[in-house]
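Colleague: Each chain, letter by letter, is given below.
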Amino acid sequence: MITIQVNGSPRQIDLEPDTPLLWVLRDVIGLTGTKFGCGIAQCGACTVHIDGKPMRSCSVPIGALNGAKVTTIEGLSPDNSHPVQRAWIAEDVPQCGYCQSGQIMAAAAFLKEFPSPTDADIDANITNICRCGTYERLRRAIHRAADMMKA
Amino acid sequence: MHGTHVTPTVSRRHFILTAATAAGGFMIGIGAPRAAHAGTVPAQPWNDDNGYAPNEIDAWIAIDPDDSILIRYQRSEMGQGSMTALPMMITEELQCDWSKVRIEYASANRNIREKKVYGAMFSHGSQSVRASQKMMQQVGASARERLIAAAAARWNVPASECSAAQSVVTHKPSGQSLRYGELAADAAKITLSAEPAIKTPAQFTFIPRPLPRVDVVHKTDGSAKFGMDAQVPGMVFAAITACPVPGGKLKSVDESVLAGAPGILKVVKLDNAVAVVATDTYWRAKRALSRLQPEWDTGEAGKVDSEQLSKMYRAALDEPMQTARNDGNVDQAFSGGAKTFEAIYETPYLSHSPMEPMNATVNLQPDRLDVWVGTQDAGEALEAAAKASGLQPEQVYVHNGFIGGGFGRRDANDEVKQAIAIAKAVQRPVKLVWTREEDTRQDKFRPHAVVAFKAATGPDGLPTAWSMRVVTSSILASVGVKLPPGKIEPQTVAGLADNGYNVPNMRVQSLVKNTHLPVWFWRAPGVNQHTFAIESFLDEMAVANGIDPYQMRRKLLANKPDWLKVLDAAAEKGDWGKPLPQGSGRGIAICTDCDSLCAEVAEVTVKPDGQVKVNRVTVALDTRYMVNPLTIAEQAEGSVIYNLSAALYGKITIKDGAAVQGNFDTYRMVRLAEAPKIDVYLMPSGGKVWGGAGEPATPPIAAAVANAIFAATGKRLRSLPISDHDLSSGSA
Ligand code: FES
Ligand code: FES
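Chains as they are written, first to last, in this note's numbering: chain A, 1 to 151; chain B, 152 to 883.
The set of hints was computed from the structure by calculation and includes no laboratory data. Treat the hints with care, as some may be off.
[As the list claims (entries may be wrong)] Once the Cα atoms are required to be at most 20 Å apart in a straight line, the calculated SDA-like pairs of lysine to any residue come out as:
| id | chain 1 | residue 1 | chain 2 | residue 2 |
| --- | --- | --- | --- | --- |
| 1 | B | Lys806 | B | Ser461 |
| 2 | B | Lys638 | B | Met472 |
| 3 | B | Lys764 | A | Ala124 |
| 4 | B | Lys758 | A | Ala124 |
| 5 | B | Lys764 | A | Thr118 |
| 6 | A | Lys53 | A | Lys69 |
| 7 | B | Lys266 | B | Glu534 |
| 8 | B | Lys490 | B | Asp699 |
| 9 | B | Lys417 | B | Glu406 |
| 10 | B | Lys758 | B | Ser880 |
| 11 | A | Lys69 | A | Ile2 |
| 12 | B | Lys828 | A | Asp123 |
| 13 | B | Lys764 | A | Asp121 |
| 14 | B | Lys828 | A | Thr118 |
| 15 | B | Lys266 | B | Tyr203 |
| 16 | B | Lys764 | A | Asp123 |
| 17 | B | Lys806 | B | Asn665 |
| 18 | B | Lys764 | A | Thr127 |
| 19 | B | Lys538 | B | Gln578 |
| 20 | B | Lys828 | A | Asp121 |
| 21 | B | Lys758 | B | Leu799 |
| 22 | B | Lys828 | A | Thr127 |
| 23 | B | Lys758 | A | Asp123 |
| 24 | B | Lys400 | B | Val811 |
| 25 | B | Lys828 | A | Arg140 |
| 26 | B | Lys828 | A | His143 |
| 27 | B | Lys828 | A | Ala124 |
| 28 | B | Lys664 | B | Glu458 |
For clarity, every value in this text was computed on a predicted model and none was experimentally measured.
Model the full assembly from the supplied sequences, consistent with the hints where possible.
Modeller: Structure below.
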């Protein structure tokens, strides 16, 4: 039995320790905001925060997570009010939207480390795939979120 | 400055021009989370009540006593924004308050029951807006007139003295007014003696307008429900692998390796696939599947590889072909002894690779089937599900979700049929999910094509004769549509036969050579397939004859003002002709697609090690009319990135009859660091037809980049992807 905190609530998970966190979130807990895109840590659609760090949950076995605090897109803010979410809405970033939970979680963690990011910082650290090609607006939204966080 | 720019046209009298901001974005939606004036859609976009709601005026519109308005949307929202645009067109005519509009998917089941009241439900060919425009306007206008008639009857005055605005009907002479919510029940009972006329674009007051898309707020908090997110009580999870060689069959599979494995419900054998069903997580099913070693019967197809196919296509270039276009006398013009050019271009198979892998969830009961799936055609999905289940179409309910990317892939229903077959075997609700590898390898690919050009140029350096011959495979054959004999398949010559150039002698021909690999519509299918070739070859002629490639196009398009306008805009805004550092270059390309026009200029740097960086792309796009310029600009940006991935890296290689590439580590995508800055200039020119927006900005980028690489390095690329070529300095 493994205990993890998901968005503030303790969860007891009775599954083999090599089960990736992604499927625990989606299929066991029913939090479907975290998405499956590749399963091999390539695309970032499954990004969540584990103890504050952005991680690709398709490639994190739950066995390593006993006692860990997990934040998913559903727990980023109670009302879509995180500066990254507000910036995303203001820039109308999502198209199909399937990659965007992961993009937002990646950006939220990134901005904690880089509160005043340059384009080069963004290039080096935001590596999630967006098949709809929302990169132009996504970049603007990251800068906008950084400004909002400072204001 | 980067972002979106709109050129208002004279017919856009009421267009609310939204200036591009310094940051380049539209000045909208600021002050998030949500502008108060916005229409909405629930996070779960489908209707659980079989497609009906209280207070309906008709199948499209319901108005509650508190004035909130439900508008049904019959197409598919996959990020292209038509879930916002179509209700905007209804709103234009209905004269209702957009802030009170809520949207849901129309029910495909109700469409069957009520004689196709929603018409066609598909989203492909960039048709959602343009093919619905008249219908949407009519729906809105009819409802408005019925609301007015209801008010006129209540007041006992002529309807002609009443008018509607912002969800209120007013009788000017008496100053009386009634809200739509007070009139809806009466309006529902009124039948008009004749359908009202719809507005001309010059009469529009609400559109075009850059409004934030209604689905966006649910796509920032994880609440948007995709097909992948369906949850049905008692559901089990299935992973599948189909024969890697299309057309092959399952010979045998040894299930004993899974004997006693916990949580495994069943191994399901299908004719051409094997699936594993697990009780608790998809992961368990997927992992168990990877332990099976199915044997396949692949026949002769199992010996085919890419090299063979390429040789076969090239050899077929000399065979007799069907002719799509034959102007003047090409052969005679060639014998005139002018300067001639010849080149062969080749483009590979491509996978669609939408971000959301294919999936379907089904609940099959004796007298009812529910299907949750992101589909580009809920109507077709319903028919396919009825057939596969043996139920009547009236017994089938398709719940379309938000779609995690379509690009043409999501209307073949192979995943739906598989899920139903598995549900039959396990007698439980089933969620079937494809792995990324399955999604890539079991795609129906963008066709492989070889194009042979021959051209002659005159003393002025312009082409006088031009022959284009294509060998490719037939999408319609994969779809199962038979063309009448003698009719040429349009996609085999798209982007070539419809080129805008004024060349007196021009012949465009094609030959279909089908292989065992199914091919399908990919974003801007044939146009995308061929624009790289024709626009690169034109560049070859221009450069060899000492003519600037942009000026060459200008001369050949001199009699086409609409083409010239987008070409000039792209060149001007893209800084055509301005100096660039050593190792950098600009390329230009233009096409028509879906009745729209698009020109693009790419600015590229090739590093000494051969790495290509596309720095900047300028897009000039004429969609003739616009509903929501914001989503059109987004589609243009997305189109550029989509085809840039293909141009730089995209290639499905065939070995032993099967696709080699699987996941994103082998089928590479452009990421943010590689994404160019993109400027979009929207310049709707009006006219008789509405152009599409989801696809036309896709084709030009490959040629624009290849031409820019030539300008930077002197290397002419005659095949894609670009990553196949050694561009390092010093290489040949
Ligand atoms: S699904 Fe985890 S990185 Fe792609
Ligand atoms: S918005 Fe569709 S994949 Fe990113």
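Colleague: Confirm or reject each hint.
Modeller: So, going through the hints one by one against the coordinates:
no. : hint                : verdict
1   : B/Lys806 - B/Ser461 : holds, 13 Å
2   : B/Lys638 - B/Met472 : holds, 12 Å
3   : B/Lys764 - A/Ala124 : holds, 15 Å
4   : B/Lys758 - A/Ala124 : holds, 19 Å
5   : B/Lys764 - A/Thr118 : holds, 19 Å
6   : A/Lys53 - A/Lys69   : holds, 10 Å
7   : B/Lys266 - B/Glu534 : holds, 14 Å
8   : B/Lys490 - B/Asp699 : holds, 18 Å
9   : B/Lys417 - B/Glu406 : holds, 9 Å
10  : B/Lys758 - B/Ser880 : holds, 8 Å
11  : A/Lys69 - A/Ile2    : holds, 12 Å
12  : B/Lys828 - A/Asp123 : holds, 13 Å
13  : B/Lys764 - A/Asp121 : holds, 17 Å
14  : B/Lys828 - A/Thr118 : holds, 15 Å
15  : B/Lys266 - B/Tyr203 : holds, 15 Å
16  : B/Lys764 - A/Asp123 : holds, 13 Å
17  : B/Lys806 - B/Asn665 : holds, 17 Å
18  : B/Lys764 - A/Thr127 : holds, 16 Å
19  : B/Lys538 - B/Gln578 : holds, 18 Å
20  : B/Lys828 - A/Asp121 : holds, 16 Å
21  : B/Lys758 - B/Leu799 : holds, 15 Å
22  : B/Lys828 - A/Thr127 : holds, 17 Å
23  : B/Lys758 - A/Asp123 : holds, 18 Å
24  : B/Lys400 - B/Val811 : holds, 19 Å
25  : B/Lys828 - A/Arg140 : holds, 11 Å
26  : B/Lys828 - A/His143 : holds, 15 Å
27  : B/Lys828 - A/Ala124 : holds, 16 Å
28  : B/Lys664 - B/Glu458 : holds, 15 Å
Checked against the numbered hints listed earlier, the structure breaks none of them; every hint is satisfied.
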